[in-house]
Amino acid sequence: MKGTNILGLVFPNINDICIPELTSKRAIGSIPFGGKYRLIDFTLSNFVNSGIDKVGVVAEKKFASLMDHLGSGKAWDLSKRRGGLTILSPYSMGADSFTTTVECMYNMRGFVEKAKEEYVLLTTSNNIFNCDYTKMIEQHMNTNADITLMYVHGKISKGAAAPLVITTDTDNKITDMVINPRVENSGEVECDYLFSSAFMKKELFLDLLVDCVSINALDFRRNFILDNYKRFNVYGYEFTGYYSAITSIDTYFKSNMSLMNPLVRADLFNVDRPIFTKVRDDMPSKYGLGSSVKNSLIAQGCVIEGEVENSIISKGVHIGKGAKVENCIIMQDTKIGENAGLSYVICDKDVVIKNGRALMGYDTYPIYIAKDNIV
Amino acid sequence: MQNYPKQEVVAMLLAGGQGSRLGVLTQNIAKPAVPFGGKYRIIDFPLSNCVNSGIDEVGVLTQYQPLVLNEYIGTGQPWDLDGIFEGVHCLSPYQQINGAAWYSGTANAIYQNINYIDRYRPEYVVILSGDHIYKMDYSKMIAAHKKNNADCTIASIDVPLAEASRFGILNTNPDGSIYEFDEKPAVPKSTNASMGIYVFTWSKLRKYLIEDAENENSSNDFGKDVLPAMLNAGERMFAYRFEGYWKDVGTIDSLWEANMDLLDPNVPLDLSGEKDKIYSRNPVMPPQYISQTAKIQNALVADGCNIYGEVEFSVLFAGVTVGVGAVVKDSIIMPGAVIEDNAVIQYAIIGENAHIGSGAVVGKRPEEVEDKEQWGIAVVGGNLKVGKNAVVVPKEMIYNDIEGEGE
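In order, the protein sequences belong to chains H and F. The numbers in this note's numbering rise by one with no breaks, and the one at position 322 of the first sequence is 322. The numbers in this note's numbering rise by one with no breaks, and the one at position 194 of the second sequence is 569.
It is worth saying that the hints were derived from the structure and are not from the lab. One should not assume that every hint holds.
List of simulated lysine to any residue pairs, SDA-like, C-alpha gap at most 25 Å [stated by the list, open to error]:
(1) K74/H x R656/F
(2) K254/H x N681/F
(3) K349/H x D645/F
(4) K510/F x D333/H
(5) K321/H x E649/F
(6) K650/F x G337/H
(7) K349/H x V659/F
(8) K294/H x S647/F
(9) K704/F x G322/H
Computed from the model, here is a short list of chain H residues facing chain F with C-beta under 7 Å [unchecked claim]:
(10) V279
(11) D281
(12) L289
Where a beta carbon is used, it is the ideal one built from N, C-alpha and C, also for glycine.
Excised from the complex, chain F in its bound form (with noise of 0.2 Å):
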C-alpha cells in the first residue's frame, strides 16, 4: 500500500453546481469553469488562494457538467498542484459496492470521500466554494482556528445592513463564537455574513459528517444541516472576518459587475504583480494587436486578440476580434468571440467563440431605457451566432442562433 503523506490541511472545493442562475453560461459547463477577468476562470482563484497559503492536496468534488473543468485543471501543472504525492484530485461521484449515488448535497459530497480525505491524515480540512472571486491566506484562518481551539471556523465579511438579508448571518458573541446562525433573515441582528468557507477540525467533522448521512431527514448540506447540527451539540464555533474583496459571482449582474470591478482603481483586488499571484491556464496565442482605427480605454484585454474597433469599461477574454466601427462598451466578451464590424455592444456578456454580425446591436445603456424593469445585462451563450443587423434586447438572454438581414 502506497503510504500517503500526512497533510496537516487538506482542502475541499465544491466545484459541483449547476449554477443554473447563470442560465447559457453554465448550460454546458460548471460554474466555476465559467471564464472570468479577461483570462482566468473562477475555480483559478480558490486554486491559487491555496497554493498561496501553503496547501498542497486539493479534491475537487465535480459533478454538474464536468468535461471543461477536468480538462482545465488537468493535471494541476499551472497551479504547482502536480506534486508526486499530493496535488489537486478531482472527485467524481462514483459506484460503490451497495449502489450509486448522486452528491446529494455539499456535505453528503464531502462524506462521499472521506476515504480520500483519510488517506492523508489530515488534523483540518478546509470547505471551499468554486463561485467566489478573492484573494485569501487561508493559513491566517487555520492559525485563528487553532489559537480558539475551535472545532469550526467560518469566514465572515462586513456586509451593509440593506444587503445583509441575503446572506447567512452569523451572530457572535464579542470573542468570535457564534452562538446563532441566521439564514437570510428578514432583520437582521448583525452584519457579519458568512463567505462559505469553511475550517473545520476533521476529526469532528468527520463524525458529523457520518451521523448527518444516517439522518434521514437531513438534506445534506453543510449550512442548513451540519454546521446547525454542530452548533446544537455545543462544538466550539467561532467567526473569522475576513477584511478584503470578496464576490459571489452566481448571477448573471454580480458576475459583471465583478469583471468590472477589475477596472475600478478603488476596489481593493490587485492581479498584477508577483504577490499571491492568481495562476491560470495561459493561452497559446500571440500579443493582443491594436490597429490604427482602434480606439480603447479603461479595458482589459488578454493575448491573441485583434482590436480594430472601439473598447471602452470592457473585459475582453483570448483571441477576441472587435471589427472596424464596433463598438463594446461595459461588457465581457469571452475567449474567441467575433464582434464584426459595425456591430455594437453595451451592458453584455458575449460567449465563448460567439459571433456577432456586422451592424448588430446587443444590449443597451440603462439611461437609453425608460422603463428601468426592462434593463439587465444582454447575455449571449457560447457558440451562438447573432446574423446582420439582428438585435438582442437588454436583459435577454440568447440560447439559440439568431438570424440576420439576408441570411
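With the rest of the complex left out, here is chain H (with noise of 0.2 Å):
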C-alpha cells in the first residue's frame, strides 16, 4: 500500500565535509557508488518501498549533478500527480545559501506546513542499507514517542562528523546522549549511535525549528537534537540490518568493496525491496575474448578486454587488452587505456587513462583521481 501520512525530507548536503574530494562538485548523496547507484538512491528507495511517496529533497549547495540524477524523480515512482518528489533549492524561497542545516530546514518550512501528511522522516543522505520504515514507524506509535531517532549499533564510521551516541532503556527510550565523546581507541569501541533518520510530528518538527532559529541554535546535532532529547519522550529504533555510514574515503571505499560479499547484496538488494536508480540505455556488458574478471561488480554498457580483480566497475567503462585493474572503483565512462595498471585507485567519471600507465595506491590509501582527468 503507498500514501502513508508521512512527508519525507532528505538533505543530500549534511555531511558533504567528510569527502571532500568526491564531493568538490557535488553533493554527498550524488556520490556514484556501487557501480550504478547515487548514494541518495538507497534513502530514497527506501521510503518509496515504505510507502512514503511525498518526498522533499532539500538541497543546500552543489546541486547541479543531483537535479540531473533526480529529474522528475520518475525512476523512483515518485513522478506523481499527488505527491512525487520536489527538489527545494535555497533560492526558491527568496534566500540566498545557508551555511547550517537548520537555517535550510526552517527556509523550506513552508513546504513543510502545506504538506498534508502529520509526520516528517528527516534523513542524511549518505547511508547504504536497506531499510522497512514500517517497524520503526510501528515502533514509534506504540512507544507514544514524541520523536524516534534511528540508531545503530557497532564502531563509529571513520571520520563521522559529530556522532551522537546513545543508551537507551529497555524500552528504547533515549536516556544518555553524547556528541563525539573522548574514548580511548574510539574508533575500536562498539557502541549506539544515530543513524540516518529522525521521525516525528510535522508540528513538533516546525515548532522545535521555530525554536532553535530564535535562539540562534543553529546546529542541527547539537541544538535541534542535543538540546531537546530530555524535554521529550525521545526514543531509539535499532536498525539491525547491513549498513554502512560514508563518512571518508576510506570508509567509501571498504563500502564499495563490502558488495562482493553476496550476504551484504542479499540484505541490501533486496527483491522485495529493490533500490532504484536513474537508468541509462547501456547495453549489456561485452567481455571480449582474452578478458579476465575475478570477484567484481560490472555495471552495463562496459566493454572488458583486459583483467579485472576484485574491483567495482561503472557503467560504460572500457578496460582496454593487456590492461590490470585490481582493487579499483572505477567510476562511469572512464576508459582504460591498454597495458594500464591499476591498483587501489579510484577514478572518478569521464577518467583516461593512458596506454601502459601505471598508478598504485594502497589498502587504507586509495589514489582518487577526479572527474574527468587525463593520466
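Take each chain as given, in its own frame, and dock them per the hints.
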C-alpha cells in the first residue's frame, strides 16, 4: 500500500565535508556508488519501499549533479500528480545559500507547513542500507514517542562528523546522549549511535525549528537533537540490517568493496525492496576474448578486454587489452587504456588513463583521480 | 472533439503474429516480445528506430498473446513515446457496429485502423514488422520516397544468390522502380530481397486497403494482395536499398545467430554508445557480479547476473545465475534463468525463469554429434524445470518439466 501520512525529507548535503574529494563538485547524496547507484538512491528507495511517496529533497549547495540524477523522480516512482518528488533549492524561497542545516530547514518550512501529511521523516543521504521504515514507525506509535531516532550498534564509522552516541533503556527510550565522546581508541569501541533518520510529528518539527532559530541555535545535532532529547519522549529504533555510513574516502572504498560479499548484496538488494536508480540505456556489458574478471561487480555498458579483479566497474567503462585493474573503483565512462595497470585507485567519472600508465595506491590510502582528468 | 496535431508520418508496427516457428518461446508471448540481445525485446529495435528517425506516432497492432507486449510497451515512456498528443498506441482487434473480427491479414490489420491513422492526417505511412533486428533511419527512406514521387517504397537488402529463393525478390528497372515481385522464386532474377518495410503515400494506401477489403478472394496480406494490386494498376513503386545489418529472427536458428552476431566484432550492428541508441525497459537490479571462481570470455551480460561458473560465447539476460562449475557456451540464457552447479549448457536457448538442475546437460557441440541431421539448437521453455542430471539432446524443444535423478 502506498500513500502514508508521512512526508519524507532528505538532506543531501549533510556530511559533504566528510569526503572533500568526491564532493568538490557534487552533494554527498549524488556520489556514485556500487557501479550504478548514487548514495541518495538508497534513502529514496527506502522511502518508496515503505510507502512514503511524498518527498522533499532539501538541496543546500552544489546540487547540479543531484538535480540531473533525480530529474522528475520517475526512476523512483516519485513523479506523481499527488505527492512525488520536490527539489527544494535555497533560492526558491527567496533567501541565498545557508551555512547550517537548521537554517536550511527553516527556510523551506513553508513546504512542510503546506504538506497534508501529519508526520515527517528526516534523513541524511550518505548511508548505504535497505530499510523498511514501517517497523520504525510502528515502534514510534506503540511507544507514544514524540521523536524516534534511528540508531545502529557498532564501531563508529571513521571520519564521522560529530556522531551522537546514545544509551537506551529496555524500552528503547533514550536516557543519555553525548556528541563525539572522548574515548580511548574510539574507532575500536562498539556503541549505539544515531544513524540516518529521525521521525516525529510535523507540528513538533516546525515548533522545534522555530525555537532553534529564535535563539540562534543553529546546529542540528547539538541544538535540535541534543538540547531537546530530555525535554521530550525520545526513543531510539535500532536498525539491525547491513549498513554502512559513508564518512570518509576510506569508508567509501571499503563500503563499495563490501558489495563483493553475497550476504551484503542479498540484504542490500533485497528483491522485495529493490534499490531504484536513474537508468541509462546502456547495452549489456561485453567481455572480450582474452578478458579475465574475478570477484568484481560490473555495471552495464562496459567493454572489458583486460583483467579485472576485486573491483567495482561502473556503467560505460572501457578496459583495454592487457590492462590490469585490481582493487579499484572505476566510475562511469572512464577509459582505461591498453596495458595500463591500476591498483587501489578510485577513478571518478570520465577519466582517461592512457595506454601503459601505472598507478598504485594502498589498501588504507586509495589514490583518487578527479572527474574528467587525463592520466 | 480533440484536434490531433497533424503528423507527416505515422508508423504502423505489425506485432500480432504468433511466430509459431519459435515454438515454446512464443507459447505465451507474441514474437515481438521475445527477449533479445541480453536486455532487449525484439520490438525495441523497430520502436527505437522510429524515435531515432523522428517518427513520433507509432501504432502497434497486437493480436496474439498481447499481455506481455502491452505491459512492456506501457505508456511508451522508455522510448520517449509518451507525448501529450502523440506516442505509441497498442491497437488490438475490436468489436464494431456490424460485428467483431480478428485481423485476418497484415493489410486487414491496417484497414481496421484507418480511423486511427486518419486522426493524424499523415502524408505517409510506414509499415514495419516486429520480428527484425536492425538499425535503420526511416527518414532517409521517406526522403527517397518523396524524391521518387513514389506511391510505395519497399526497403530491400542484397542477399547471397544461394539464399535469394527464401525471400520475396524485387526486380527493378535501372531507376529503382519495381516491375515485378517474385515471391520465393526457384530461379531468382536478382538478389534484391524485400525486408518487409514499406513506405506508402497514405491517400493511395487508404484507397487500396478499402478495395482489398471489398475483394472477397483476397487474403488481406500486403505481400500477396495489396502490393501486387498496386503494381498491376501501374502505381509508382520503388525499391530502397538498405546497407547494414538486418536479420529476420523468425526461427530458432536465426534468433540464436542474431544473438551471437552481437559477440562478433565484424558484424556491423553496434549497440554501444549514444548514436541511434536502442532503448528498452531496464531491469531494477544491481550490477552483475563475477565471482572468484568464474571464467568469462566473449560474452554479453546484463545487470543482476551472478556468475560463478564458466561462460563463453554466450548472451546472458538480466538476473541470470550460473553456478559453480557450470558451463555455458554458445548459448542464450533469458532473464531470471538459473543454471545450477555443474550443469552444462551448449548451443542452447534457455527460456525466462527456467531452472536447470545441477549436473544437467542441455545441448551439444556440433562436432560431438555424428549425424548432423540430428544436431540443432536445444530450447528449454520459460518457467520450466530441468531436473538434476537430466539430459536435453540437441535440437530438442522442451515444453514440460523434466524430472531429475532422485526427484
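Verification of the supplied hints:
no., hint, verdict
1, K74/H x R656/F, "13 Å, holds"
2, K254/H x N681/F, "21 Å, holds"
3, K349/H x D645/F, "23 Å, holds"
4, K510/F x D333/H, "24 Å, holds"
5, K321/H x E649/F, "23 Å, holds"
6, K650/F x G337/H, "23 Å, holds"
7, K349/H x V659/F, "22 Å, holds"
8, K294/H x S647/F, "24 Å, holds"
9, K704/F x G322/H, "24 Å, holds"
10, V279, "4 Å, holds"
11, D281, "5 Å, holds"
12, L289, "5 Å, holds"
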